[in-house]
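Student: Chain by chain, the residues:
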Amino acid sequence: MTETTTEKARIGAPSAQPYINGFTEEGENLSPINADGTVAAPSSGPLAGDSAKGHSHGGGVGVPDSSRAGRLTSYKLEDFKALTGLEEDWRFTPLRRLRGLHTEALSGAAPSVSVSAPEGVTVETVGRDDNRIGTAGIPEDRVSANAWANFKEATVITVPAETSLDSEVSVVLAGNGSEASAQHVVIVAEKFSKGLVVLGHEGSAVVSENVEIVLEDGAELTVVSLQEWNDDSVHASSQQAKIGRDAKFKHITVSLGGNLVRVTPTARFAAPGGEVELFGLYFADAGQHLEHRTYVDHAQPNCVSNVLYKGALQGKDAHTVWVGDVLIQKQAEGTDSYEKNQNLVLTDGCRADSVPNLEIETGLIEGAGHASATGRFDDEHLFYLMARGIPEDVARRLVVRGFLNEIIQKIKVPALEERLTEAVERELAAGDN
Amino acid sequence: MSTLEIKDLHVSIETEQGTKEILKGVSLTIKTGETHAIMGPNGSGKSTLASTIAGHPRYTVTSGSITLDGEDVLEMSVDERARAGVFLAMQYPVEVPGVTMTNFLRTAKTAIDGEAPALRTWTKDVKAAMQELRIDADFAQRNVNEGFSGGEKKRVEILQLELFKPKFAVLDETDSGLDVDALKVVSEGVNRAHATGNMGTLLITHYTRILRYIKPDFVHVFVDGKVVEEGGPELADRLEEEGYDRYLSGAGAAVAPAVQA
Ligand SMILES: Nc1ncnc2c1ncn2[C@@H]1O[C@H](COP(=O)(O)OP(=O)(O)OP(=O)(O)O)[C@@H](O)[C@H]1O
Ligand SMILES: [Mg+2]
Chain A
0 MTETTTEKAR
10 IGAPSAQPYI
20 NGFTEEGENL
30 SPINADGTVA
40 APSSGPLAGD
50 SAKGHSHGGG
60 VGVPDSSRAG
70 RLTSYKLEDF
80 KALTGLEEDW
90 RFTPLRRLRG
100 LHTEALSGAA
110 PSVSVSAPEG
120 VTVETVGRDD
130 NRIGTAGIPE
140 DRVSANAWAN
150 FKEATVITVP
160 AETSLDSEVS
170 VVLAGNGSEA
180 SAQHVVIVAE
190 KFSKGLVVLG
200 HEGSAVVSEN
210 VEIVLEDGAE
220 LTVVSLQEWN
230 DDSVHASSQQ
240 AKIGRDAKFK
250 HITVSLGGNL
260 VRVTPTARFA
270 APGGEVELFG
280 LYFADAGQHL
290 EHRTYVDHAQ
300 PNCVSNVLYK
310 GALQGKDAHT
320 VWVGDVLIQK
330 QAEGTDSYEK
340 NQNLVLTDGC
350 RADSVPNLEI
360 ETGLIEGAGH
370 ASATGRFDDE
380 HLFYLMARGI
390 PEDVARRLVV
400 RGFLNEIIQK
410 IKVPALEERL
420 TEAVERELAA
430 GDN
Chain B
0 MSTLEIKDLH
10 VSIETEQGTK
20 EILKGVSLTI
30 KTGETHAIMG
40 PNGSGKSTLA
50 STIAGHPRYT
60 VTSGSITLDG
70 EDVLEMSVDE
80 RARAGVFLAM
90 QYPVEVPGVT
100 MTNFLRTAKT
110 AIDGEAPALR
120 TWTKDVKAAM
130 QELRIDADFA
140 QRNVNEGFSG
150 GEKKRVEILQ
160 LELFKPKFAV
170 LDETDSGLDV
180 DALKVVSEGV
190 NRAHATGNMG
200 TLLITHYTRI
210 LRYIKPDFVH
220 VFVDGKVVEE
230 GGPELADRLE
240 EEGYDRYLSG
250 AGAAVAPAVQ
260 A
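Sequence lines, in order, name chains A and B.
Note that numbering that gives the first Met the number 0 gives residue 294 to position 295 of the first sequence, counting from 1, and the numbers run on in steps of one.
Note that numbering that gives the first Met the number 0 gives residue 14 to position 15 of the second sequence, counting from 1, and the numbers run on in steps of one.
Chain A extracted, bound-state conformation (with noise of 0.2 Å):
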């Protein structure tokens, strides 16, 4: 790779790179909104005094300041302003391909939901008054609190408590429209149960999705959320995990498809003795937008988090943005974070951005570190591959597959593994001519 940045703070030896938000020489608390003492009103949310502690502002009490905890959450539309673009989680997305996500009432019929599921799981359709909506997730943006607003039926899937699942529960959601619409899923992994699921999202859709998924206590659970839309659409999915105590969560997020697609995946702790991994894959191709902002709340102490995105961009105006938002608050002692994002460039006309943020407020911490590298692949390498006799596009294929290998090899589900490294070679070979 051609720029590579690797960051690893520790106590006591506290950075100097200036993107690391509210990391002073003591590396602690700098963020305003502690700074100052202030503490909103809790929000009326079930959330509300809990993961979110302190920190979500309903009623559209947002604190203005950098501070990731202070963006404004709400369960209601109208506490979110109108979109400009020019918002800090919003500046890279082309608002006006969004096709009405975030201006226009979600009343198109949401992508068909059908799930096969092994023995023991149980999967329901209910109504917004279900108490398990609203569990895991508040809206952190107007487009998703759109979809909060109209969504009319949610699927909850539930892997009940100490059960392990000796296959996966796949998931396909649809598209079958160009309505703008609004989906729900909740998936619920109860105390000591271990699980994988797969959200497939396909076809023709404009759809703005909230995913909630919980954690209790001591559950492993492995979120892969593949996006594999037609060219036409346009998908803005927030993804929302709360981890309870000692629970293991794995989200992997593949974006290959669809016009727009923006995922936010977001984990908090509850309780503490955690661990998170969010992983990521994504292959741009000419005229694609695919964004993805992660966010690690570490709410609580002694808790585990690594996130790896890696994107490879191919043809014009193919554009990926990576933001990745940690936060280690005050009383996140003990905690061990890392996040990195890896683009490889194929061709002239792209363009990757990758934001890592890291916000610090406690120096008592085993480790927090962040690492964005852009590399080219460019004429040299082509050249060096050439000279050994392999042919161009076998070269590279060569140079994609591996780099984006290393995500795929994190699912450890080798059915679902293949059919990965089949679709990357499927937009690889859409790229050659």
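To be clear, the hints were calculated from the coordinates, so they are not data collected in a lab.
Treat each hint with caution, since some may be false.
Said to hold, decoys possible - For each label pair, taking beta carbons as the anchor points, the in silico distance ranges come out as:
1. A/Lys151 with B/Asp137: 49 to 57 Å
2. B/Leu118 with A/Ser111: 43 to 51 Å
3. B/Thr101 with A/Ala428: 46 to 54 Å
4. B/Lys214 with A/Gln408: 44 to 52 Å
Said to hold, decoys possible - Here chain A is said to cover these stretches of chain B; the calculated rule only asks that three of the stretch's residues, wherever they fall, bring their Cβ under 8 Å from a Cβ of chain A:
5. 70-81
6. 91-97
Since the structure is predicted, the reported quantities are computational estimates derived from the model, not experimental observations.
Think of the CB as a built atom: it goes at the ideal place given N, C-alpha and C, for glycine as much as any other residue.
For chain A, the structure is supplied; the task is to place chain B with the ligands on it using the hints.
Tutor: Okay, now just chain B with the ligands, sitting in the frame of chain A:
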């Protein structure tokens, strides 16, 4: 028996100041089993010659020819040249992101041979060759040249030479950046490849020290894009003593006439 023939080669590059001619009529004939050393001062065009043989797009051949057993090499793409049996060990091997050595070596071998190597013997061959070149086994899992030291990169170039078994090897300053031990290890690798009797070698170097380990049959002195003197191994000894000054000194100095090797 193969022949690589370079005839009156003129090569230029595009620079910000315009087109610049770097090779000004180079002729060289290399046959299987021969080792030719090209020696010359910095900037004389040695790498340009090497890269032009391999087909680097930066270099434009304005006249002259390169043929391999009569086939027009200049007509071939970079990968075709490699498959035809031309190997370039680069002065500055590039780091290729995302590709492990293992994967790279197998893919290249498959491309060159036109079929995948038998897995079991291949793995064994790679391991053995790595061992002989004192390359740590864990390099197999690392990305091509990524984070390798200068010396490690050179060993890996020679590893490829041994595994790919080209008809002609062009070694561009393989000796630079190597300490004495590494120089020996690398030279032994070249000598092993040569000992198969199926390879001709064009050894490009600035210094004579590698010639203690790899014995050239012919030495060509390269100055300002041209061969200015040719001879046998004794020419290298003379260069060791006298350096290049003789060829570079003031305008009036007589340039030794090129003797036909
Ligand atoms: N990309 C380039 N842009 C401008 N000049 C170049 C470029 N590449 C080569 N040259 C010039 O061409 C000439 C020959 O360069 P070349 O690298 O072939 O020399 P060399 O004999 O291999 O030198 P060295 O011993 O330093 O490796 C030099 O004057 C060099 O500055
Ligand atoms: Mg050179």
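Student: Now look at each hint and say whether the structure bears it out.
Tutor: So, going through the hints one by one against the coordinates:
With their beta carbons about 56 Å apart, A/Lys151 and B/Asp137 fall inside the hinted range of 49 to 57 Å. Our hint of 43 to 51 Å for B/Leu118 and A/Ser111 holds, since their Cβ atoms are close to 45 Å apart. Take B/Thr101 and A/Ala428: their Cβ atoms lie about 24 Å apart, and the range 46 to 54 Å is violated. About 48 Å separates the C-beta atoms of B/Lys214 and A/Gln408, a value consistent with the hinted range of 44 to 52 Å.
Check on the region 70-81 of chain B: 5 of its residues sit with their Cβ under 8 Å from a Cβ of chain A, so the three-residue criterion for coverage holds. Look at the region 91-97 of chain B against chain A: 5 of its residues bring a Cβ nearer than 8 Å to a Cβ of that chain, three or more, so the hint holds.
When the structure is compared with the earlier hints, a violation turns up for hint 3 alone.
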